[in-house]
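Engineer: Start from the sequences and build out the full structure, keeping to the hints where you can.
All the letters of the sequence shown, read from the start, carry residue numbers 0 to 473 under numbering that gives the first Met the number 0.
In short, the hints are calculated from the structure, not lab data. Ideal Cβ positions, reconstructed from N, Cα and C, are used throughout, including at glycine. Certain hints may be false.
[Said to hold, decoys possible] Derived CB-CB ranges, DEER-like: (1) Ala-132 to Gly-72: 40 to 50 Å; (2) Gly-317 to Glu-433: 32 to 42 Å; (3) Met-275 to Gly-88: 38 to 48 Å; (4) Glu-66 to Leu-112: 12 to 22 Å; (5) His-334 to Arg-87: 36 to 46 Å; (6) Ala-343 to Tyr-436: 50 to 60 Å; (7) Arg-65 to Gly-384: 12 to 22 Å; (8) Arg-115 to Ala-343: 28 to 38 Å; (9) Phe-247 to Asp-333: 49 to 59 Å; (10) Arg-87 to Arg-115: 18 to 28 Å; (11) Thr-260 to Ser-393: 25 to 35 Å; (12) Glu-66 to Arg-395: 30 to 40 Å.
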Amino acid sequence: MLFGSHRLPRRACHGGARAALARVIGVMILARAHDLGAQGVASNADSADPGTARPPVCDTAWTTPRELRTPLGHRVYVEAPVAASDARGRYLFGTPTFVWAAPDSFATLERPLPTRAAGVKLVGDWSAVPLPALPGSFPQYTPLPITHGADLLVLWATSRDTTSSGFSNQDTLWESRLIADRWSTPRAIYSAGEPSWHPGTVALTTVGSTVVTAFPARDTTRSERSGLVLMSRTSDGWRTRWIGLGNFGATAVALLPLTSTDVLIVATGGLHRPPMDAPQAVYAIRMSATDTADRPRISIIREFDHAFGVEPSVFRSGRSIHAVWRQPGIEIADHDSIVEATSADMGATWTATSAASLETNVLHLSALTANQNEGVGAALDIQRGMIITLRRSSRRWLMTRTEFPEARTMPKLSQSRNRMTLMFARTARSRGPEGSYDAPVLLVTSRALRCESPPANRSRNRLRAPPRGESTLE
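Structural biologist: Written as structure tokens, this is what we have:
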């Protein structure tokens with residue numbers, strides 16, 4: 000309530016003013032006493048009913064997106080960032096990675112291009128310092144990190160084609176270790192075909208102590224030119240296995256460790272291995288990560304006559320395994336959907352359990368789950384130029400109302416304990432040698448997956464005086 004200001008008549012005596020002030024103070028004291036009494040009634044009610052709802056101890060809303068910057072305030076951009084951590088810190092890997100020449104300038108006359116790096120090392124939640132560029136002179140694509148021993152092992156692809164077509168004409172995979180923020184001598188690990196090593200098409204994980212990667216590839220020297228490459232790294236080096244899938248082959252894969260030796264691959268694309276013949280499908284491949292024999296056990300999750308699936312992901316909940324993918328609309332005006340299928344027998348058979356419309360057309364659906372009920376998804380709405388989010392609750396994917404406008408890149412999700420982090424890029428106005436222009440900057444936002452009410456006796460224990468001689472410190 001707002002109170003107005005009124006001038007007293009000149010004839011009002013000071014004693015009357017003091018009396019009025021005393022009455023106001025009395026009313027305030029009575030009101031305070033009434034509030035304290037109400038609080039006491041509420042406290043007694045809480046004591047009588049331990050199940051009374053209490054405010055959550057965390058906020059599950061997305062934080063306001065903030066620009067990633069260096070400690071000096073220079074803006075940072077990381078392409079399709081992949082999060083990783085080791086004993087020394089937390090990192091984001093992606094190429095290209097740029098650090099602006101100045102806080103408000105992407106390029107200057109003295110420095111026509113910003114700092115080139117393989118990624119950044121995080122300093123807190125919103126600040127980062129650049130890592131050295133990956134070793135080598137050829138164009139480098141999609142560095143993927145994984146913790147191996149005490150260091151980070153990073154894999155990436157190169158192409159001898161130095162034009163813009165090199166992104167689609169990759170020919171060699173490399174590995175290097177990040178040791179004390181320095182790269183070890185790179186080593187070529189695959190050059191037998193044409194790998195498809197792009198964000199969203201390749202997967203990297205560990206099965207026991209073995210590093211495993213899978214990716215689509217073409218090999219013109221084989222009878223089945225399209226297939227999947229499964230590579231496993233042990234102390235003896237890398238072992239490579241080819242899984243022929245016909246003339247069309249897979250478009251993207253996701254990986255999940257099944258046991259200490261077996262791995263599950265969920266793939267989208269074509270499949271031709273008699274008696275299975277599906278021009279478009281989502282299918283699962285179960286294999287041993289250590290056995291050198293080519294013995295894939297393949298089962299079709301969903302086969303399409305006219306539609307198709309893209310951007311797969313896979314996770315486990317209890318005794319079940321879940322595969323998730325995006326299904327674009329058949330007609331141009333149709334909206335895309337997110338579909339989930341579940342397997343209760345280690346990926347041998349599958350049942351579609353959830354489908355939800357994304358209510359628009361999107362690119363690069365990124366989905367992560369923390370447990371059997373909670374999950375988060377994000378995608379780039381290509382019609383409106385914004386990031387949309389979803390949430391998995393009670394075994395279903397549902398659209399949420401959170402939207403991040405003016406997005407210029409596909410979103411990337413990462414998980415740390417009970418928090419999800421979402422990263423995407425916007426453009427900011429920059430001063431350049433030939434005038435102002437838009438330049439990219441990475442934005443970061445995060446949210447808690449769930450909130451829990453505090454224990455029923457926690458607040459009362461803090462208010463109760465401790466026995467004499469004991470400390471109140473917890």
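Engineer: Now look at each hint and say whether the structure bears it out.
Structural biologist: Hint-by-hint comparison with the structure:
As the Cβ distance of Ala-132 to Gly-72 is approximately 22 Å, the hint placing it in 40 to 50 Å is violated. Judged by the Cβ atoms, the range 32 to 42 Å given for Gly-317 and Glu-433 is violated: they are separated by roughly 59 Å. Look at Met-275 against Gly-88: about 46 Å separates their beta carbons, and that is inside 38 to 48 Å. Checked against the hint of 12 to 22 Å, the pair Glu-66 and Leu-112 passes, with Cβ atoms roughly 20 Å apart.
Separated by about 44 Å at the C-beta atoms, His-334 and Arg-87 satisfy the suggested range of 36 to 46 Å. Between Ala-343 and Tyr-436 the C-beta distance comes to about 54 Å, which sits within the given range of 50 to 60 Å. Checked against the given bound of 12 to 22 Å, the beta carbons of Arg-65 and Gly-384, roughly 20 Å apart, stay inside it. In this structure, Arg-115 and Ala-343 break the distance hint of 28 to 38 Å, their C-beta atoms being roughly 48 Å apart.
At roughly 23 Å, the beta-carbon separation of Phe-247 and Asp-333 lies outside the given 49 to 59 Å, and the hint is violated. With their beta carbons about 22 Å apart, Arg-87 and Arg-115 fall inside the hinted range of 18 to 28 Å. The hint said 25 to 35 Å for the Cβ distance between Thr-260 and Ser-393, and at roughly 33 Å that hint holds. A C-beta distance of roughly 34 Å is found between Glu-66 and Arg-395, which places it inside the suggested range of 30 to 40 Å.
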